[in-house]
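Build out the structure end to end from the sequences listed, making use of the hints.
Our numbering numbers the first residue of the sequence shown as 43 and each following residue consecutively.
Treat the hints as calculated values from the structure; they're not laboratory data.
There may be inaccurate statements among the hints.
Said to hold, decoys possible - Using C-beta positions, here's what the derived DEER-type ranges look like: (1) Asp158 with Asn44: 40 to 46 Å; (2) Leu145 with Asp97: 35 to 41 Å; (3) Cys252 with His77: 31 to 37 Å; (4) Ala74 with Ile209: 30 to 36 Å; (5) Asp72 with Ala94: 29 to 35 Å; (6) Trp160 with Ala193: 31 to 37 Å; (7) His77 with Pro148: 14 to 20 Å; (8) Met143 with Phe201: 25 to 31 Å; (9) Tyr93 with Leu139: 21 to 27 Å; (10) Val123 with Ala74: 36 to 42 Å; (11) Met190 with Val142: 19 to 25 Å; (12) Cys252 with Val142: 43 to 49 Å; (13) Thr237 with Gly138: 22 to 28 Å.
Claimed, not checked - Okay, derived cross-link-like pairs now, SDA-like style, lysine to any residue, Cα gap no bigger than 20 Å in a straight line: (14) Lys46 with Lys120; (15) Lys46 with Asp158; (16) Lys46 with Gly79; (17) Lys120 with Leu244; (18) Lys46 with Glu118; (19) Lys46 with Leu145; (20) Lys46 with Tyr93; (21) Lys120 with Ala48; (22) Lys120 with Arg45; (23) Lys120 with Asn44; (24) Lys46 with His77; (25) Lys120 with Ala135; (26) Lys46 with Gly119.
Since we're looking at a predicted model, the values are computed, not measured.
Note that the Cβ used here is the ideal one computed from N, Cα and C, for glycine as well.
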Amino acid sequence: MNRKYAAEAIGTFCLLFAGTGAIVVNSVSDGAITHVGIALTFGLVVMAMIYAIGDVSGCHINPAVTIAFWVAGRFEGKQVVPYIVSQCVGAFAASGLLRVMFLEHPNLGATLPAGDWWQSFIFEVVLTFMLMYVILNVSTGAKEKGIMAGAAIGSVIAFEAMFAGPICGASMNPARSLSPAIVSGELSHLWVYLTAPVLGALLAVPGCRCTQDPGCCSNERGECGPPIDMI
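Okay, here's the thing in C-alpha cells:
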C-alpha cells in the first residue's frame, strides 16, 4: 500500500479510536472523562497525528479536508478517492474494534443532533468552515508542515467541540460520523454529518482567498494560497 494511504488510514483510525472511544468510555464510566475531556481528546489526537504523519500524507484524516484541498488547487484530483477510501478504512477499523470492546453500547459515539436537525446542520457548516479556514492558512500546499500547525488545528477542534459538541456533536468530518453510525446502526440524521462538513470546508476556500495577500497566488491554477505541493 502507498505509504500516504497507509498514513491516512492509521491517522483516521487513531482519531476515531481515541475520540469516539472517549465518548464511549465517558458513557460507561458515569462521566469520568467529562465533556471537556472529550473535546480535549479530539483536539489532542488530531494534533498528535499532524506531527506524526503530516509530512507523509498531510494528515487530512477527513474527507471534507481532502475535497477542499482539491477544490483549492492544492491537491491532486487522482488522489482524492484513494485518500477518502483510506480514511474510511481507518475509521471503520476503529469503530469495529470499539464494537468488539463495548458490545452493549448503543451508538459508539455517533454524532446526533440534540435538537432540530437544521440547528446541527448550520453548526456543522460553520464549524467546518472555521476549521478548514485555519487549515488552509497554516498549511503548505496540502501538508501541515509548520511547527505550530498541529497546535493551531488541534486547538480549533478542541474549542469547537467544547462549545458546540453538546448541540451537534461537532463532527466536522464525514468519516468520523459515518463509521460509528454504520457499525452501531444509528443512522438517524447521518446525512447532516455527511453533507454539512463538506459544504463548510468548501466555503472556506473562497474565504481563504478573500483574506490572503493577492501576491500569494502562485499555485498551478493561479489561485490565492501557498504554492501547490502535490504529495
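Each hint tested on the structure:
At about 42 Å, the beta-carbon gap between Asp158 and Asn44 stays in the expected band of 40 to 46 Å. In this structure the hint that Leu145 and Asp97 lie 35 to 41 Å apart at CB holds, the actual value being about 38 Å. Cys252 and His77 have their C-beta atoms about 34 Å apart, which keeps the hinted 31 to 37 Å range intact. Here the CB-CB span from Ala74 to Ile209 is close to 22 Å, at odds with the stated 30 to 36 Å.
Between Asp72 and Ala94 the beta carbon distance is about 32 Å. The supplied range of 29 to 35 Å therefore holds. Roughly 33 Å separates the CB atoms of Trp160 and Ala193, a value that falls within the hinted 31 to 37 Å. In this structure the supplied range 14 to 20 Å holds for His77 paired with Pro148, their Cβ-Cβ distance being about 18 Å. Checking the proposed 25 to 31 Å range against Met143 and Phe201 shows it holds: the Cβ atoms sit about 29 Å from each other.
For the pair Tyr93 and Leu139, the beta carbons lie near 23 Å from each other, so the given range of 21 to 27 Å is met. For Val123 and Ala74, the Cβ-Cβ distance of about 40 Å falls inside the hinted range of 36 to 42 Å, so the restraint holds. Remark: the range hint 19 to 25 Å for Met190 to Val142 is contradicted by a beta-carbon distance near 37 Å. Taking the beta carbon of each, Cys252 and Val142 are about 47 Å apart, inside 43 to 49 Å as hinted.
Range check, Thr237 to Gly138: Cβ separation about 24 Å, and the 22 to 28 Å hint holds. Using a Cα cut-off of 20 Å, the hinted pair Lys46 and Lys120 holds, with the two alpha carbons roughly 13 Å apart. Restraint check for Lys46 and Asp158: the C-alpha separation of about 39 Å exceeds 20 Å, so the hint is violated. A hinted pair counts as satisfied when its Cα atoms are at most 20 Å apart, and Lys46 with Gly79 does not qualify at roughly 30 Å.
Taking the CA atoms of Lys120 and Leu244, the gap is near 18 Å; set against the 20 Å cutoff, the hint holds. With a C-alpha separation of about 13 Å, the suggested pair Lys46 and Glu118 falls inside the 20 Å cut-off, and the hint holds. Between the alpha carbons of Lys46 and Leu145 the distance comes to roughly 32 Å, so the proposed pair goes past 20 Å and is violated. With a CA separation close to 14 Å, the supplied pair Lys46 and Tyr93 stays within the 20 Å bound.
Restraint check for Lys120 and Ala48: satisfied, since their Cα atoms lie roughly 16 Å apart, inside the 20 Å limit. The hinted pair formed by Lys120 and Arg45 meets the criterion: a straight-line CA distance of about 16 Å does not exceed 20 Å. Restraint check for Lys120 and Asn44: the C-alpha separation of about 14 Å stays at or below 20 Å, so the hint holds. Restraint check for Lys46 and His77: the C-alpha separation of about 33 Å exceeds 20 Å, so the hint is violated.
For the suggested pair Lys120 and Ala135, the alpha carbons sit about 24 Å apart, so the restraint of at most 20 Å is broken. A distance of roughly 15 Å separates the Cα atoms of Lys46 and Gly119; the hinted pair therefore holds under the 20 Å criterion.
In terms of the numbered hints stated before, the structure departs from hints 4, 11, 15, 16, 19, 24 and 25, listed from lowest to highest.
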